[in-house]
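Novice: The residues making up each chain are set out below.
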Amino acid sequence: MTLPYLLISAFLMFTATLVPRFVPFVFIKRKISSPFWKSFLYYLPYAVLAALTFPYVFYSTGSVLAAAIATVAALVMSFLELNMACVAAVSFLIALGLGFVF
Amino acid sequence: MNTKRNYLAGLKKGIPVAIAYLAVSFTFGLATLRGEFPLWFASLLSATNLTSAGQFTGIQLMQLGAGYLELTLAVFIINLRYALMSFALSQQVQIRITPATRFCMSLLLTDEVFALANEKGAAITPAYYFGLATLPYLGWQLGTLFGYVLGGVFPSAVIAAAGIAIYCMYIAIFLPPAKRNRGIALAVMIGAALSCALYYIPYLNTIPMGFRVILAAIVATFVAAALFPKKDEAPTDQSPDTTDVKEGNG
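If you're matching them up, the sequences are chains A and B in order. Numbering-wise, our numbering puts 219 at position 27 of the first sequence, and it's gapless, one number per residue. Numbering-wise, our numbering puts 245 at position 19 of the second sequence, and it's gapless, one number per residue.
No lab work stands behind these hints: they were computed from the structure. All C-beta atoms in this analysis are idealised placements derived from N, C-alpha and C, irrespective of residue type, glycine included. Worth double-checking, as some hints may not be accurate.
[What the hints assert, rightly or not] Which bits of chain A does chain B cover? Going by a derived footprint, with three or more residues having C-beta under 8 Å, they are:
| hint | segment |
| --- | --- |
| 1 | 205-215 |
| 2 | 240-249 |
| 3 | 259-272 |
Produce the complete structure using the sequences and hints provided.
Specialist: Below, the structure is given as structure tokens:
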């Protein structure tokens, strides 16, 4: 990766992160009233995270099988609402352990 | 005198978040090392972006050689949730807070800081808010640095397995609210299914990764919002991370 690519990307990422953070807080004074758009904005972040997770999580370690089993563990732990750090740590250990097996 | 006391109160409240950030940004440091990015770039991103999903997605796309439009759009969409929190915050703070102060507060807005500020309701002062954000910000920078520098010490098997950590955090963020809200559950399921479809189906998978994710998420959310439009009015209920600190991400 070239230096200009790194610098321009860093700047663009900074801008793309900053704009949603400050524009409503600094400028918007009215409330959104449309139930559709309110729920659209409410659901969107979760859909993004889900689309980011699947199927990419399966290829996130060296072994697809180990990653898949660790993913199932993460789903179960998250369903039981365990702490985020705990979910990540346990799944990491499972992926690590099974990585030596498969 | 109130300013100082408010700041210190916020500072204390931010300690657990700072510790969690240390751990999450450690994996970001590792990921940048794994992706062969320079250390200054990892630190620059963490110092200016202060967000896990956006930063991870950014470096993932850059490793695939993504174009500037794809990169910007993907990071922007992922960070759209901040617009909700930013909006909710605008309804809570006192009107007399200047735009300049608001701008500085926005720079430090994260899921967890928002969740903590939100607990305080109408009583959020800039001093308290900056107190809240100080230690998490430092934790985020230190974690990135440690992850990158110490990454070389760990065996490659450990670094490979650490790649799963960020996805587990995503799961820990979207699953608990999906359990309680049918709209979120539907958006999450369709989003995941479409993302897989776009990844595996020939021809469709030639679409760049960032656009595939955006497309899957927008179609899924559109369907979910059409089937389950929200009826409640309270702005705090619109924001995704008001329930508990542990459910947010950096």
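Novice: Does each hint hold? Answer for all of them.
Specialist: Right, here's what the structure says about each hint:
no.: 1; hint: 205-215; result: holds (count 11)
no.: 2; hint: 240-249; result: holds (count 10)
no.: 3; hint: 259-272; result: holds (count 8)
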